[in-house]
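Let's have the full structure, built from the sequences with the hints guiding it.
Chains as they are written, first to last, in the working numbering: chain A, 1 to 352; chain B, 1 to 352; chain C, 1 to 352; chain D, 1 to 352.
Some clues are possibly wrong.
Copies of the same chain look alike in the list, so a pair counts if it fits in one copy or across any two.
[As the list claims (entries may be wrong)] Calculated pairs, DSBU-like style, for lysine-lysine (alpha carbon to alpha carbon, straight line, at most 30 angstroms):
(1) K289 x K38
(2) K229 x K133
(3) K282 x K44
(4) K282 x K54
By construction, these hints were calculated from the structure, which means they are not laboratory data.
Protein chains: 4
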Amino acid sequence: MDSYQVGVLGATGAVGQKFIRLLENHPWFTIKALGASKRSAGKKYKQAVHWIEKTELPSASANLKVKACAPEEFKGVDFVFSGLDSSVAGDIEKNFAEAGIPVISNAKNYRMHDQVPLLVPEVNPDHAELIKKQSFDPEGNGWIVTNPNCVSVPLSMSLKPLHDAFGIDSLIVTSMQSVSGAGYPGVSSMDIVANVVPYIGGEEPKVQTEATKVLGTLSDDTIAFNDFKIQATAVRVPTIEGHLLSASVKLKNAPSSIEEAEEAFTNWKNPIANLELLSSPKNPVRLYKEDRYPQPRLHADREGGMQTAVGRLREGTVMDLGYVTMAHNTIRGAAGGAILNAELLTAKGFIS
Amino acid sequence: MDSYQVGVLGATGAVGQKFIRLLENHPWFTIKALGASKRSAGKKYKQAVHWIEKTELPSASANLKVKACAPEEFKGVDFVFSGLDSSVAGDIEKNFAEAGIPVISNAKNYRMHDQVPLLVPEVNPDHAELIKKQSFDPEGNGWIVTNPNCVSVPLSMSLKPLHDAFGIDSLIVTSMQSVSGAGYPGVSSMDIVANVVPYIGGEEPKVQTEATKVLGTLSDDTIAFNDFKIQATAVRVPTIEGHLLSASVKLKNAPSSIEEAEEAFTNWKNPIANLELLSSPKNPVRLYKEDRYPQPRLHADREGGMQTAVGRLREGTVMDLGYVTMAHNTIRGAAGGAILNAELLTAKGFIS
Amino acid sequence: MDSYQVGVLGATGAVGQKFIRLLENHPWFTIKALGASKRSAGKKYKQAVHWIEKTELPSASANLKVKACAPEEFKGVDFVFSGLDSSVAGDIEKNFAEAGIPVISNAKNYRMHDQVPLLVPEVNPDHAELIKKQSFDPEGNGWIVTNPNCVSVPLSMSLKPLHDAFGIDSLIVTSMQSVSGAGYPGVSSMDIVANVVPYIGGEEPKVQTEATKVLGTLSDDTIAFNDFKIQATAVRVPTIEGHLLSASVKLKNAPSSIEEAEEAFTNWKNPIANLELLSSPKNPVRLYKEDRYPQPRLHADREGGMQTAVGRLREGTVMDLGYVTMAHNTIRGAAGGAILNAELLTAKGFIS
Amino acid sequence: MDSYQVGVLGATGAVGQKFIRLLENHPWFTIKALGASKRSAGKKYKQAVHWIEKTELPSASANLKVKACAPEEFKGVDFVFSGLDSSVAGDIEKNFAEAGIPVISNAKNYRMHDQVPLLVPEVNPDHAELIKKQSFDPEGNGWIVTNPNCVSVPLSMSLKPLHDAFGIDSLIVTSMQSVSGAGYPGVSSMDIVANVVPYIGGEEPKVQTEATKVLGTLSDDTIAFNDFKIQATAVRVPTIEGHLLSASVKLKNAPSSIEEAEEAFTNWKNPIANLELLSSPKNPVRLYKEDRYPQPRLHADREGGMQTAVGRLREGTVMDLGYVTMAHNTIRGAAGGAILNAELLTAKGFIS
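Laid out in structure tokens, this is it:
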């Protein structure tokens, strides 16, 4: 099988770099074009980027000439990944979709758009069908698909087994977020070394809404959001990668025992397991029984950074259950999640 | 006025060191005796202790000979502070009380004892009266008073204005706790550098109960616990001092606006302000309006480490309010809190 | 005595904030004017600044209107402190000096100027005389005095006792520098959490030269630099305040024992002790005998952040001695050092 | 080819865990027996160990029953790896060697023994011949081979190209060492979060001697130590893995340019490249040209944690050269180094 030719928008940013690292030897997707701001356009990628990954800058990308983020510069690609900053993603992604180029985006701009799927393949793969109703490109070639923000991904994934088993009434969540979530240079070391900052601008509204769309129902060409309520507090902690969430959940039909709640996780079936997507973990939602697990530094990289960890599942005194959940914020919660979306969409025939 | 002669039990531990530092120039209390384990007894304090405070080991204590923690070794002291580990505090504190020596303790052992006040002077100063009912020492000279654990202190203090104004129905709290809370050597650096550990053994049951006693009502010689419910998650973060709590609260009578909730804090009156206790902050519960405040590293030392900070007060989507609160865990939440208890009890005439 | 009226240039930056904090209750110096960039000029200071100090923004400064950094805006001040960034300090400081306003600067621009003292009061107080030869202001009212960079300060102070006793031939130093040395936002948390970065742009040339001027000799209206050589490596470590230096020193006349080297420190006399300057520590260079000391987090604040700590003094295998030294980089090594310079200069009558 | 059957002594410690992780799928070596203290003996490994690795506890080892560290318990193994603590390694390793079981040890006890090679395969592979002269086991089956400590490994590897090209006269080194170097629980978080501790007990004597044995010459059945002198300062910094060294070196024949020094590294040939040992990196000593590299958190894992990084190579002002070097302390500097030693010794036929 020939691989797809792909572009990466926002290639010099932290998420863009993660795309380039994760796609280095991807058998289905080959990077053909890199887009960044005007300041970078025209330079070789290795000269434009301040590379911050642990692994070597892949040589194939190193020597690509960076392009401006305009559709006419990306002719010949089958689709683009977008790691664009939200300050510019709105117009650029629309331009690409209108020009007939599919956009698989990590930016927040179109997540709540009523024609755009907010896709987590193991949770709501059927939402991909919404693509067919998009009007960006009347010919239907160009469209936008998004993944949720880095907190909403582990939240959606950890809620899905509970939702299927018991129904979700409401939840309270405190997310302890790593510094990589703010990009590079992002959080000043003066703010966060040996400290916790109890605020992340713009984060809580996303956490309070996105999971209700992900766990919503597609019918009549629209997504009916799920009716549970989320109350969120987002804080920054001095970790590098991996957002850890402390969640308390009220269920519609509470389990009769904690064992029953555990079984909701251990018996849950990954609905896309049969597709054998390359980036989908064998065990998408892993339940840890050890009290001290999961931990961002130890477990964020498990299964290529694509696994969502759940731990400390226990009965609550106010709400039915308490648990913690954690996922790699720049892989599962950003670039890796977008790549998995692309894998799903190619497997389902949305990309030709 | 002559100062009181005091002893410190558990003097070589982390909390014991904090007692010694905070009492260095205390005008009311003079350290006369230091007690520690048999391994240390007989040595000069400066040889027995692995001093970890930023300030110099006070010279007056440095040359005291460490004693065993037995009442007969502490004759002549007016009372003792206890920074003992809970594994030994039960018997030792009882021995002192029975021998007629008041014990002002930071240990958890007698916090839930029905004759022992769990005292936070700005919150429940009247609970001190319970001392009169204690039966440890039939002659009434010896007794035990405790302060809550390092999370329950800011929790109680931040709940008090809300309780007085609106009544508390229930709350969900995630406490992000600094490494000093585990003593020395305590948390391994291998566990916590650039990491979060989602479990602190034995912590959550304390957080879920202590504040309901602190905010309880003394009548008929017993304390009726408050009827609100607390659901707690305790996690360790790589901060040095200051526990930060993310709280969501359901009230009995919700305020009609966030301004009304703010006023509950700003209008709240410290009931012991008139006593002018040395360690009591001018503003015991400070409300920050800046989103990014309070932060442990910046604000834990405010007002000598005795102030409780509240911030991010906002309307909730599931419960009525959300807020964060923070206090210095080894000062306000431990040694400093116990010293303030002693100041209250001397001012009220419990110690002669 | 009336206090001096002072201005602070670069008032919104990290060093500027430290000036404002340290001068809050200074009995000799009263802040009358604050200068910053055009972006801030015209705003109240509390609106222009992103305050990062642990203590409260002093109310006297909070409501001052920020001025542009032009001499005509600072009429009536007796002198100015400069915490300006080196990118703009060159012209601005010259403008002030030429306009007759003394500048006591922390910027690097004029440190090597042959008419400008590079002053550390306990080390080379006589260099202040060089002021009289400055030609910035023909009338002699305006001049510039600088303090060394944050590494060169503890280096100079720790070398002085050795220099006086044995003479310095050469030294090798590795400086482990805290993140506050880079200002705010300064070092990205992505670069430094749980990491060491082995390079600080522009730092090593300063470390390799400044101490030789500080320890130089003033004669015939010029400073003859000391003839020892310094080889420096500057690395960034995840500490907040306090630069720790590992030094190996070859002496001109080696001591016959380590005790003799220790005595060089313990017998050394502070030449300005008689002036009783407010910011000068009782013990400017403290020798720690405990192997594990000094440590930035524990000891940088000793004596108001103005003490230089020395430890691990020991015989070397290649050079005569090895030792570590540490000082608070933004107090002793920046704002506090400049304030001490101002105290010396007022005591000596240079400022009227 | 059948694989060798191996044992691991000290299996529950930090180094022992690293052995188990690194050997999980090793094609030449199969773990057959695990030894630990009496407290652990008799338990299944998964019950005896507090697993701290990021990866899953390998299932093959998880269910092995832990044995006491006595040779009679390890019958049938071809050799043992020792990750024993030095407090017990002396006797135990001797017992194994005397019983005819080769010991490939990471402990310090026999490193300076005149019959024991201190082996770094890319530096002194010929020293392995010294095994033939060992007298532990008169029949010659049992012997001991050691690897240097975690600082001496990158030091030896980075000095080797310079030694071959220019000869080493003397050097000054400051090692900034990660917390994993102290094992688990090791360094208290109270000591090291946002701090630097300028002392590591017992470390400097090792750093000052081991590299002179590694770079020594084997002749007449003994190793003549190299004659260069090392002056070392060992400090602890809050990094997890990777020790970074700042080195200043005086050479016997200084290069005429920095390019010539660079070529010493880039032209250096790995003497064991032809053996194609599994754990030997393609590029054992990598020279980084970027000023900000190498960094522990970014680069310690390169080439499986077996590569030594060199950077900031530059002319010195006191000694000829300055550079920094870094290697993964628990892989290249401990378990991985020992495994590479075992690979060399099997390839050379020392193990049958």
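Cross-check of the supplied hints:
{"no.": "1", "hint": "K289 x K38", "result": "between (50 angstroms within a copy, 28 angstroms between copies)"}
{"no.": "2", "hint": "K229 x K133", "result": "within (28 angstroms within a copy, 48 angstroms between copies)"}
{"no.": "3", "hint": "K282 x K44", "result": "between (37 angstroms within a copy, 27 angstroms between copies)"}
{"no.": "4", "hint": "K282 x K54", "result": "both (25 angstroms within a copy, 18 angstroms between copies)"}
Checked against the numbered hints above, the structure violates none of them.
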